[in-house]
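K.L.:
Sequence:
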Amino acid sequence: MTLANDGRATAPYLSSLMPPTSSPAVILHAFKYGETSKIVRLATPGHGVVSAIAKGAMRRKSPFGARLQVLTRGTAQLYLKRNRELQTLAGFDVVTEWQPLSHDLGRFAAAAVLAELVLRCSPAEPQPVVYDVLSTGLDRVAAARADVLRPVALATVWRLVATLGFAPTLDTCARDGRPVAPGPAAFSVAHGGLVCERCAGGGRRRLPAEDRRALEHLVAGDHALDEPLTPTRAVAHRRLLARFIRHHLAEGRNLRALDFWEAQPWTTTS
Numbered sequence: 002m003t004l005a006n007d008g009r010a011t012a013p014y015l016s017s018l019m020p021p022t023s024s025p026a027v028i029l030h031a032f033k034y035g036e037t038s039k040i041v042r043l044a045t046p047g048h049g050v051v052s053a054i055a056k057g058a059m060r061r062k063s064p065f066g067a068r069l070q071v072l073t074r075g076t077a078q079l080y081l082k083r084n085r086e087l088q089t090l091a092g093f094d095v096v097t098e099w100q101p102l103s104h105d106l107g108r109f110a111a112a113a114v115l116a117e118l119v120l121r122c123s124p125a126e127p128q129p130v131v132y133d134v135l136s137t138g139l140d141r142v143a144a145a146r147a148d149v150l151r152p153v154a155l156a157t158v159w160r161l162v163a164t165l166g167f168a169p170t171l172d173t174c175a176r177d178g179r180p181v182a183p184g185p186a187a188f189s190v191a192h193g194g195l196v197c198e199r200c201a202g203g204g205r206r207r208l209p210a211e212d213r214r215a216l217e218h219l220v221a222g223d224h225a226l227d228e229p230l231t232p233t234r235a236v237a238h239r240r241l242l243a244r245f246i247r248h249h250l251a252e253g254r255n256l257r258a259l260d261f262w263e264a265q266p267w268t269t270t271s
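Each residue of the sequence shown is one higher than the one before, starting from 2 at the first, in the working numbering.
If you're looking for bench data, these hints aren't it; they were derived computationally from the structure.
What you are looking at is a predicted structure, and each value in this text was computed from that prediction instead of being measured.
A couple of the hints might just be wrong.
[Stated by the list, open to error] Calculated cross-link-like contacts (lysine to aspartate or glutamate; reagent style EDC-like; alpha-carbon spacing at most 20 Å):
#1 K56 to E86
#2 K33 to E86
#3 K56 to E36
#4 K62 to E36
Using the sequences and the hints given, assemble the complete structure.
P.N.:
Okay, here's the thing in structure tokens:
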């Protein structure tokens, strides 16, 4: 042990005795590292997305057991050091496993998109509101009735997109700021929202009035639409959302969960 002149232990020794930091967390990704360990990516409210190694997690008698499953919410005990990319996970106490996500492909696909957006597209600095939207969004997708899962999934993903700072412009023209007349309107992915008649041109596809109203609800995180979404309309909304994410958030990155979600057919349970 190294002591200062007055007999007190120096900072390096004291830091080794410090208890781990406890934080709410959602496991976004996990993979095997070496023969016995795992690396997990965690969303946290106070530390952002954290990469941490769970040493010995693959051993048969590991205290982690089977707790480190993707799309699990719990309390993480972390040894955090500044300027270190890989932290150390000392423990993880499961709070919510969201069982419905593992039993329904449609729910899992939507939940995976939420996790992917936080993992790949969230800011480097901590954003507590992003964690809250992710956590409550997973609650909503897991608990949604089958007959409203389509709009719930769309509203939840749109809410996260907006929270990340990329809400589409829906009240004025996204190109020149002019008012957009009520009723059917053109939506420009490139410009980031609705565009007025002057900017739309003759060849741009227009959203029917009912889909424009639905989009306004969904972007606000509201799945209670004026008219139920038919499977065909739901697919169109999902494709529009996927195109918007790729253009404004992906920055050329491959988003495999988004590809998978977009490719899933809508059924009565998804």
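K.L.:
It remains to establish, for every hint, whether it holds in the given structure.
P.N.:
Checked hints:
no.	hint	result
1	K56 to E86	16 Å, holds
2	K33 to E86	17 Å, holds
3	K56 to E36	10 Å, holds
4	K62 to E36	14 Å, holds
In summary, the structure agrees with every hint in the numbered list given earlier.
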